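K.L.:
Here is how the chains run, residue by residue.
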Amino acid sequence: MDKIRGKAYVVGDNIDTDQIIPAIHLVYRIDIEEEAKNYGKYAMSGMDPKSIEVPFIEGDRYESDYTIMISGKNFGCGSSREHAPLALDKAGIKAVVAESYARIFYRNSVDGGFLVPYETKNRLVDEIKTGDELEISGNVLKNITTNKEYVLGELGDIEEIIKAGGIFNYAKENGFMTK
Amino acid sequence: MTIIEKILANKSGRTEVKPGDNIWVDVDVLLTHDVCGPGTMGIFKENFGQDAKVWDKEKIVLIPDHYIFTKDKYAMRNIEYVTQFAKEQDLKYFYEPFTDDYKGVCHVALAEEGHNKPGDVLFGTDSHTCTSGAFGQFASGIGNTDAGFIMGTGRLWVRVPESIKFQFDGKFPSYVMGKDIVLQTIGDIGFDGATYKCMEYAGDAISGLNMEERMTICNMAIEAGGKCGIIAADEVTKEYLAERGVTDYKVYNSDEDATYDSVHTYDASKLVPVVAKPYSPGNVEPAENLSHIDVTRSYIGSCTGGKTTDFIAAAKILKGEKVKIETFIVPATRNVERNFETIKIGGETLKEIFENAGCKIGPPSCAACLGGPEDTFGRTHADEVVIATTNRNFHGRMGSMDSQVYLASPYTAAASALTGKITDPRKYITKLEVEIDG
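Respectively, the protein sequence lines represent chains A and C. According to our numbering, the stretch in the first sequence is residues 293 to 471, in order. According to our numbering, the stretch in the second sequence is residues 42 to 479, in order.
Please note that a few of the clues may not be correct.
Stated by the list, open to error - Covered stretches of chain A, going by a simulated chain C footprint (3 or more residues, C-beta under 8 Å):
1. 304 to 310
2. 314 to 320
3. 336 to 346
4. 357 to 371
5. 416 to 428
Unchecked claim - Covered by chain A, per the in silico footprint, the following chain C stretches (three or more residues, Cβ under 8 Å):
6. 73 to 80
7. 138 to 152
8. 181 to 187
9. 411 to 420
10. 427 to 441
Calculated directly from the structure, the hints in this document are not laboratory data. This structure is a prediction, so every number in the text was calculated from the model and none was measured. Cβ coordinates follow ideal geometry from the N, Cα and C atoms, glycine included.
With the hints as extra help, turn the sequences into a complete structure.
P.N.:
This is the structure in structure tokens:
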């Protein structure tokens with residue numbers, strides 16, 4: 293896996309898909325780039341305003357300054373909308389590190405090739421602050437700002453799908469599917 | 042093996058599977074709608090070719106239902122997109138909006154139109170696809186990419202889930218509905234208590250429920266993180282299917298010695314009406330403990346709480362009364378809407394009961410359950426406090442970020458509509474004993 297480096301954005305437990313991308317925005321065409329970038333613009337716009345200390349996206353921009361999202365338990369719960377990992381991808385998120393994931397979000401992230409969903413046994417939401425500079429290499433997460441390291445869960449079978457860039461490429465490369 | 046293990050073994054050509062196995066299964070039905078259909082179809086074309094044909098035009102069921110009665114131009118374009126796809130692919134089951142073929146909420150329409158079959162594997166681009174588990178089949182929500190893959194190949198890989206068993210012995214009290222039953226179990230195991238697992242409901246009390254109540258229970262398996270919910274098919278299931286001309290299916294039951302992740306046993310008679318408080322469906326408390334909470338709106342509708350059984354329940358309480366807060370009635374499907382005019386209680390149709398009580402009745406669709414475009418019927422726009430028969434109470438779920446949603450049964454939502462406070466329907470217990478006419 294390629295190294296992923298960038299700033300952390302820290303959120304709490306049970307981040308549901310309505311927070312990641314509210315249903316009102318599920319209308320933009322994904323195959324038209326000019327429209328699809330709206331998913332980046334509205335990523336995380338469903339978070340409770342009272343819980344936000346630093347905005348995920350500043351002003352009218354379409355991309356976030358953050359690259360790695362740090363969360364607690366049950367990230368991505370709720371709807372099956374693939375627009376959720378897509379929106380994070382469009383906003384510039386390359387990896388999420390959470391204690392656990394909701395099943396459909398996890399699967400969509402991998403099969404759609406949107407981002408890498410790493411699992412951790414550590415309560416990183418208490419250890420890492422929004423804006424910290426992070427690097428993920430293999431299954432090690434290094435917080436460059438604090439100079440601390442954390443071991444992440446192995447990706448296991450899904451690593452091959454992620455490396456291929458999603459389920460279609462994986463299926464083609466492995467002869468499960470011919471175009 | 043459990044029911045779900047037997048179904049997945051059969052559909053992967055094996056004699057046995059166990060939890061944790063990654064297997065490829067053959068798909069019997071792929072469900073999609075207007076919100077996730079365009080993405081799915083785009084991915085299908087991108088990967089299989091612009092002129093590619095779907096793997097089986099009789100196995101894709103396309104039911105637009107989310108954003109139908111809106112002027113939103115993007116929503117209308119999505120409907121045009123899926124309509125064009127259905128026509129160029131000659132899909133047999135396309136329930137086209139703005140025509141006589143339109144049905145409404147996909148999970149309820151699937152059942153009503155005879156697309157659910159015991160033993161089948163159903164995937165849908167909607168997390169509440171698990172509703173169909175009520176028919177003793179494997180049914181689970183997926184994203185656009187997985188659905189695009191199925192569209193071209195008719196197959197998908199799945200990890201065989203562990204099963205959690207919820208055993209309900211005895212008989213449920215008259216004032217407890219399917220919604221109370223499932224909320225109670227989500228509250229007990231937690232909002233992520235069934236992540237990746239199958240929630241199997243069994244016992245005499247479950248057998249005593251009609252198909253719509255069973256659908257309400259399986260519908261909310263996803264709210265505990267479940268991959269699917271399931272109830273074994275029985276005589277009640279067979280009768281429902283026979284009424285729709287469905288006869289070719291395979292009934293599975295869990296073995297006596299099946300292995301479960303955990304087993305939760307309940308005395309059904311002890312259940313009480315419950316409510317899930319903001320902002321999690323697992324935040325469950327008895328309705329009677331919340332009688333101090335003011336609500337400003339009641340909303341009865343959605344795949345969870347917009348079926349005929351749900352409206353008969355609401356009508357029993359609303360008959361002869363006036364609502365104290367604005368109350369929205371949204372039938373899930375055209376069929377449910379038609380029943381408003383034919384089913385009567387004490388000589389009045391359901392429609393008359395709702396109108397005389399001062400409720401607002403909208404056209405069948407997902408409507409405000411998930412907020413939707415600004416002009417959606419019943420959508421919140423300010424700091425409304427809603428008691429709803431829907432399935433999620435996340436921040437901003439019904440529209441406005443400042444509104445709050447309490448999830449409850451149709452009995453509780455209707456009782457609360459009469460008082461303006463969260464109200465345990467036992468307050469109106471004599472009304473619950475009234476039967477429909479005929």
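K.L.:
So, for every hint listed, does it hold in this structure?
P.N.:
Hints, one by one, checked against the model:
1. 304 to 310: Satisfied; 3 residues make the cut.
2. 314 to 320: holds (count 6)
3. 336 to 346: holds (count 4)
4. 357 to 371: holds (count 5)
5. 416 to 428: violated (count 0)
6. 73 to 80: holds (count 4)
7. 138 to 152: Our answer is that it is violated, as 0 residues pass the Cβ test (under 8 Å) against chain A, missing three.
8. 181 to 187: holds (count 6)
9. 411 to 420: With 5 residues close enough to chain A, the hint holds.
10. 427 to 441: holds (count 6)
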